[in-house]
Amino acid sequence: MAFEWKQNLACGSAYKVLEALHQFNASKLSFERAADVKLRRLTYFPASTSSEDILRMSAMLLVQQYAQLLDRFYVLRPHGAGTWKDLMADMQAVLEDGDNTIAVLASTVDEYIRFQDER
Amino acid sequence: MKCAARRFASACGPCIFSAVLPLTAAHAQPAEPVPGATSLSFHPAFGLSGEGKWIERFTLTPRILQMQDQPGSLGIGYELVSRPLARDLTEDVPIGSPPPKIRRFASFEFSARGLYAARAEANNENLIDAAASGTYELTYGPVVAKSAFSAAYSRQQGNGTSLRKWEVSQGVGTWLRGLRDTEVITRLALARVDPTHDADRQAALGGPLDSYRRWEFEGLVVIPVLKGALQKIELGHRRFHEIDAPSAVRAAGLDRFRLSSICFQLEDGFFIAYTRGGLPADRKDSQVLHMGWSTNIGE
Chain Z
1 MAFEWKQNLA CGSAYKVLEA LHQFNASKLS FERAADVKLR RLTYFPASTS
51 SEDILRMSAM LLVQQYAQLL DRFYVLRPHG AGTWKDLMAD MQAVLEDGDN
101 TIAVLASTVD EYIRFQDER
Chain B
1 MKCAARRFAS ACGPCIFSAV LPLTAAHAQP AEPVPGATSL SFHPAFGLSG
51 EGKWIERFTL TPRILQMQDQ PGSLGIGYEL VSRPLARDLT EDVPIGSPPP
101 KIRRFASFEF SARGLYAARA EANNENLIDA AASGTYELTY GPVVAKSAFS
151 AAYSRQQGNG TSLRKWEVSQ GVGTWLRGLR DTEVITRLAL ARVDPTHDAD
201 RQAALGGPLD SYRRWEFEGL VVIPVLKGAL QKIELGHRRF HEIDAPSAVR
251 AAGLDRFRLS SICFQLEDGF FIAYTRGGLP ADRKDSQVLH MGWSTNIGE
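From first to last, the protein sequence lines stand for chains Z and B. With our numbering applied, the first sequence has no gaps in its numbers, which climb one by one up to 119 at the end. With our numbering applied, the second sequence has no gaps in its numbers, which climb one by one up to 299 at the end.
Note that these hints are calculated values from the structure, not bench results. There could be a bad hint or two in this list.
[Said to hold, decoys possible] Straight-line distance between alpha carbons at most 30 Å, and here's what the computed DSSO-like set of lysine-lysine pairs gives:
1. Z:Lys85 x Z:Lys6
2. B:Lys101 x Z:Lys38
3. Z:Lys38 x Z:Lys16
4. Z:Lys6 x B:Lys284
[Said to hold, decoys possible] Residues from chain Z shown here face chain B by an in silico Cβ test under 7 Å; the list is partial:
5. Lys6
6. Leu21
7. Ser48
8. Thr49
9. Ser58
10. Gln65
11. Leu69
12. Pro78
Glycine residues also receive a C-beta, built at the ideal position from the N, C-alpha and C atoms.
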């Protein structure tokens, strides 16, 4: 089933965690418009260097912070046998590609995590 | 079937070998084009190819080499490519427990290819082109470290001309949660540079170009602002410093380069940036104010 951007915890968590990590200005970017925003528009994505090493390290830092806040803000249960190791590796791959969108990041997290509003 | 490749592959894990049957003929692409020279390379109707646990591809291909106006030669081409070995060494913590504070990754890959000719003069390709690279990455809470190396070696048959390049680097970064999630990332590298084409350097030295070593540094500070139209400020600095540079290179100002930049990232890809300095690939020392808009086609 295709991932749908809507008012639920899977999408809301992506919006809230990224906002809390100062990745975008929430007063300028509504929840509805956030789905299609490319990750290169977020603050972690280097704008003044094309170094892959720098981008990789920046994405690694964001993955770590994202996971910590996700765990702090929400009650998390797994979808199947997925672990943090797999989830964080997939998030890393998503964050390293600036053409991915916030919705892609949210759907990646949703594949591993069953939020409280999901059966 | 006994061969070095099989011994190597069987030491590393199960492998599969097969014969390659197609007959092909092609113009070989010389490593360094020789004016007026044409190399015809025939791939006869047999050869060996294989793969294994650590090996993505291994091939041995007998070839008949024919240079224009020269006697031909028998040769054998080879290619060995390792599977990219990437290991996520992070502890497997189930979702529901707190996420791991420590993440670790290691990766390594290797490749070698080339052509051996019974008569060296007929070999218009390289005897060996080899490359290896590896990384080790560690995240510990708000700190990340990345160690990496890469090396490349190529050698021509007969005249012994070789080219060696390598680089070792260390990156360190931190996420400052209490400072509006400011990021500070640095990277320091020691590299051996083989300048095959560098007109400025050749003019300064007045002779052939030798390889040299240099330090390379890059630092980046990202400060999210998110006020009004201003998204973030990026401060960047890059520096290149040749080790034991010849006096002629120092006198020509080719031994040290630095570039500093400040970039104000605005909404929707607009930016204002100021850069000062030059890079080895763009040596003109200058001060430039950029105003622009960046996007990707399709965005």
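Hint check results:
{"no.": "1", "hint": "Z:Lys85 x Z:Lys6", "verdict": "holds (27 Å)"}
{"no.": "2", "hint": "B:Lys101 x Z:Lys38", "verdict": "holds (27 Å)"}
{"no.": "3", "hint": "Z:Lys38 x Z:Lys16", "verdict": "holds (16 Å)"}
{"no.": "4", "hint": "Z:Lys6 x B:Lys284", "verdict": "violated (51 Å)"}
{"no.": "5", "hint": "Lys6", "verdict": "violated (22 Å)"}
{"no.": "6", "hint": "Leu21", "verdict": "holds (5 Å)"}
{"no.": "7", "hint": "Ser48", "verdict": "holds (4 Å)"}
{"no.": "8", "hint": "Thr49", "verdict": "holds (6 Å)"}
{"no.": "9", "hint": "Ser58", "verdict": "holds (6 Å)"}
{"no.": "10", "hint": "Gln65", "verdict": "holds (6 Å)"}
{"no.": "11", "hint": "Leu69", "verdict": "violated (10 Å)"}
{"no.": "12", "hint": "Pro78", "verdict": "holds (4 Å)"}
Hint compliance for this structure: hints 4, 5, 11 are broken, all remaining hints hold.
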